[in-house]
Amino acid sequence: MAALLRLPEVRKLVGLSTPTIYRLMKKGEFPSSVKLTPNGRAVAWHKTDVDAWIESRLAERGEVA
33 MAALLRLPEV RKLVGLSTPT IYRLMKKGEF PSSVKLTPNG RAVAWHKTDV DAWIESRLAE
93 RGEVA
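Using the numbering used here, read the sequence shown as starting at 33 and increasing by one per residue.
None of these hints come from the bench; they were simulated from the model. The structure presented is a predicted model; accordingly, all values stated were derived computationally and were not measured. Hints are supplied without guarantee of correctness; some may be wrong.
[Stated by the list, open to error] When the alpha-carbon atoms are kept at most 25 Å apart in a straight line, the in silico DSS-like pairs for lysine-lysine are as follows:
(1) K79 <-> K59
(2) K67 <-> K44
(3) K44 <-> K59
(4) K67 <-> K79
(5) K79 <-> K44
(6) K58 <-> K79
(7) K44 <-> K58
[Said to hold, decoys possible] Just the calculated beta-carbon pair ranges, DEER-fashion:
(8) E61 <-> G94: 15 to 21 Å
(9) L90 <-> A35: 16 to 22 Å
(10) T52 <-> E87: 17 to 23 Å
(11) R38 <-> R89: 17 to 23 Å
(12) R38 <-> G60: 30 to 36 Å
Virtual Cβ for every residue (Gly too), placed ideally from N, Cα, C.
Please take these sequences and the hints and turn them into a complete structure.
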């Protein structure tokens with residue numbers, strides 16, 4: 033089962049603000065969140081998706097995590 037990260041954990045991992053995360057999501061440049069409740073007020077991100085995004089940022093710079 034995939035681990036889910038809530039927004040505070042995602043912000044800490046990627047070092048971005050909430051508005052920036054949502055702006056990148058809207059542009060398709062950050063992983064989409066998963067709705068945890070029917071109304072969508074509670075969301076989370078798959079840890080594997082966030083980790084892959086971080087890896088892709090490092091790869092662009094020629095770095096390895």
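Unmet hints by their number, sorted upward, for this structure: Those not satisfied come down to hint 12.
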